[in-house]
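As a plain string of letters, each chain reads:
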Amino acid sequence: MKTDFLGASVFSRLNANKTRTILIILSLTIAIICLTVSGFISYLLVERATASFKNTSENTVFMNVDSAEVTYSNVEELGEFFTASTYNFFSEKSLWSSGLKGKSYSFNMLSVGKLQEKMILPSADQYGATEYSRLIAGRLINENDILLNRNAILIHDAIGKFLFEEGSNIIGEKIDFDGSGTVYEIVGILSNTPDILRVLEYYTIYETEFSTGRFKIPIITYNNTESTRVSKLLIFFDGRISLDTLQSMQTTILNNSNYQSVRLTTAESEKRSYTYVQAASSQTLDLLLTIVTIILCLISIIIIYITIKERASEIGIRKSFGATTPHVIAMFLSEILSCIFTSIGYALPISTLIMTFIVATSNSFINILIFPINFDIYLFPSAIIAIAVCFVSLAPLIIYGKSKIVNLLRVS
Amino acid sequence: MSNLLISLEGISKSYRNKQILKNINLNVSEGDFLSIMGQSGIGKSTLLNIMALFERPDSGKYYFNGTLVHTRKHDVARLRNEYFGFVFQSFNLLNGFSVEHNVAMPLQYASKIDPGEAIRTVANLLSNLGISHLKSEKIDTLSGGEKQRVAIARALVNRPSIIFADEPTGNLDYISRNSVLDILKNLNKNLNVAIIIVTHDPEVSQISTRKLTMNSEGLYEN
Numbered sequence: 001m002k003t004d005f006l007g008a009s010v011f012s013r014l015n016a017n018k019t020r021t022i023l024i025i026l027s028l029t030i031a032i033i034c035l036t037v038s039g040f041i042s043y044l045l046v047e048r049a050t051a052s053f054k055n056t057s058e059n060t061v062f063m064n065v066d067s068a069e070v071t072y073s074n075v076e077e078l079g080e081f082f083t084a085s086t087y088n089f090f091s092e093k094s095l096w097s098s099g100l101k102g103k104s105y106s107f108n109m110l111s112v113g114k115l116q117e118k119m120i121l122p123s124a125d126q127y128g129a130t131e132y133s134r135l136i137a138g139r140l141i142n143e144n145d146i147l148l149n150r151n152a153i154l155i156h157d158a159i160g161k162f163l164f165e166e167g168s169n170i171i172g173e174k175i176d177f178d179g180s181g182t183v184y185e186i187v188g189i190l191s192n193t194p195d196i197l198r199v200l201e202y203y204t205i206y207e208t209e210f211s212t213g214r215f216k217i218p219i220i221t222y223n224n225t226e227s228t229r230v231s232k233l234l235i236f237f238d239g240r241i242s243l244d245t246l247q248s249m250q251t252t253i254l255n256n257s258n259y260q261s262v263r264l265t266t267a268e269s270e271k272r273s274y275t276y277v278q279a280a281s282s283q284t285l286d287l288l289l290t291i292v293t294i295i296l297c298l299i300s301i302i303i304i305y306i307t308i309k310e311r312a313s314e315i316g317i318r319k320s321f322g323a324t325t326p327h328v329i330a331m332f333l334s335e336i337l338s339c340i341f342t343s344i345g346y347a348l349p350i351s352t353l354i355m356t357f358i359v360a361t362s363n364s365f366i367n368i369l370i371f372p373i374n375f376d377i378y379l380f381p382s383a384i385i386a387i388a389v390c391f392v393s394l395a396p397l398i399i400y401g402k403s404k405i406v407n408l409l410r411v412s
Numbered sequence: 001m002s003n004l005l006i007s008l009e010g011i012s013k014s015y016r017n018k019q020i021l022k023n024i025n026l027n028v029s030e031g032d033f034l035s036i037m038g039q040s041g042i043g044k045s046t047l048l049n050i051m052a053l054f055e056r057p058d059s060g061k062y063y064f065n066g067t068l069v070h071t072r073k074h075d076v077a078r079l080r081n082e083y084f085g086f087v088f089q090s091f092n093l094l095n096g097f098s099v100e101h102n103v104a105m106p107l108q109y110a111s112k113i114d115p116g117e118a119i120r121t122v123a124n125l126l127s128n129l130g131i132s133h134l135k136s137e138k139i140d141t142l143s144g145g146e147k148q149r150v151a152i153a154r155a156l157v158n159r160p161s162i163i164f165a166d167e168p169t170g171n172l173d174y175i176s177r178n179s180v181l182d183i184l185k186n187l188n189k190n191l192n193v194a195i196i197i198v199t200h201d202p203e204v205s206q207i208s209t210r211k212l213t214m215n216s217e218g219l220y221e222n
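Residue numbers (our numbering), protein chains in the order written: chain A, 1 to 412; chain B, 1 to 222.
Simulated from the structure, these hints should not be mistaken for lab results.
Watch out, some of these pointers could steer you wrong.
[Said to hold, decoys possible] Within a straight-line C-alpha distance of at most 27 angstroms, the following computed DSS-like cross-link-like pairs (lysine-lysine) qualify:
id : chain 1 : residue 1 : chain 2 : residue 2
1  : A       : K404      : B       : K112
2  : B       : K18       : B       : K61
3  : A       : K309      : B       : K138
4  : B       : K112      : A       : K402
5  : A       : K404      : B       : K22
With these hints in hand, go ahead and build the complete structure from the sequences.
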């Protein structure tokens, strides 16, 4: 005989009535998954609906390019901004996806998500594939391109269809995409890569570029489409870009009817814009998490309350053999906490997988990048749910704990 | 001379202005085997519930081992746990739990538990009552007779001085009834456990050593 039947541990009690416990855990797990995922989808919908408002002119300013060259300090600001907190993960993944792992080349990644439809990967040298793209035709930029200083370029499939006749073979075609007169040969075509295990974050590497005297500046465009979706095109150039080139490129992009405006931004203004969007998204997320938490609290409380009510006779039986009100409360609270935390333990990884899958398989927009698909954000709501349920459960537990035994036994 | 366990003095109880018990006096000593008979609704179970400390009387005094029982709930719970055992007509077992868990349940609330001794106690009880093969079975799968044996084992696990049985054979067939009565008789005879049994069945009453009858006038010993 096991000793744990004496009630020494919480799980001995749970094991004693597995069916009921499993049903409670299952109900709570499903509820948490449904609400978390639906909350996430709501978040996306809200973000989509409000995205156009988040990228108004007040978020961006024209870059004050009054010299022929961009100075190093601009680049440093950009590097500091874009490499924040995400550097390590990218370095390995990007090298892997480029197929050049182990080599000492550095790579730069461009925009992700829906932006990839308008993505151009220019390559004077030292550019590779992005983490979020896969090669669907041609090849990646290789060592020879770099050694021979060949003007090779990888372009996105959508850009290829835009620039050339759909269905034609564009590998080997030459384009002057920025109007600078430099001709680049298309060596490969990229497309988006759905991958449920992929974490969609924004990564780039600047350190190597700095050490070799290379640096980049962003050119940002806002594309107001019919669906009001905001596309954001970041193009990172290698080398020093003249004002003429920038203006030329601005004109080139403006000539593309898909874009209503092109703005050159400073690192600081872009940072403000990014922070603004992040704050707005954070507010949306907070609101949704609050709603989800409240609904989950209600569901949990109802489930627990019904469970307690159903077990009124059990309370009576236990009381008749010496259990006191504190005994009853301690027993139920330990069971409730175990059920809630077990449910959360199951639900969060499943929810995260589902949400990551949604992100990876949908043509979403940039704000999705700053959605925190991790456990941390759910720990606080989970704790709130657990505390709320325990607190609210006290009322029926105390009532039943203090009820007359004969009344409780009559229930059975 | 046997020790006096329970002494009731002038116990009265009313429900919704209807007097159920009026000035009941009763002494129960070690080794007594009391049966209480009477019409339905006359107050037998109410008297049993008061003696078992499930209910409080409206007036009167309740002494246990010569001490006036306090009304503090912890004292009452401790008395129920240490000295009393209960056998109900509807068994009142914890469905969904194993036989073993049900029998051991009162030990969870005992002030001192030696796990090793508790395990031996439960095993011995199940063995003595002939249900050790059922120890891992869920209550829902047992027959009425088996359930009542489990209930008796649970009542005995804390080595009580008194067992209160409210119609313990009411839901049992003839064979199971006799088996349960034999068990109660042996407990009374061999372990000197006092038994107070409320019943409608005259045959059950026959095995008791003190036969009480309750009517609207009060409680009388035959």
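A quick look at each hint next to the structure:
1. A:K404 to B:K112: holds (26 angstroms)
2. B:K18 to B:K61: Roughly 20 angstroms between the alpha carbons, so the hint for K18 of chain B and K61 of chain B holds.
3. A:K309 to B:K138: holds (22 angstroms)
4. B:K112 to A:K402: The hint holds at about 24 angstroms.
5. A:K404 to B:K22: Holds - the C-alpha atoms of K22 of chain B and K404 of chain A are around 21 angstroms apart, at most 27 angstroms.
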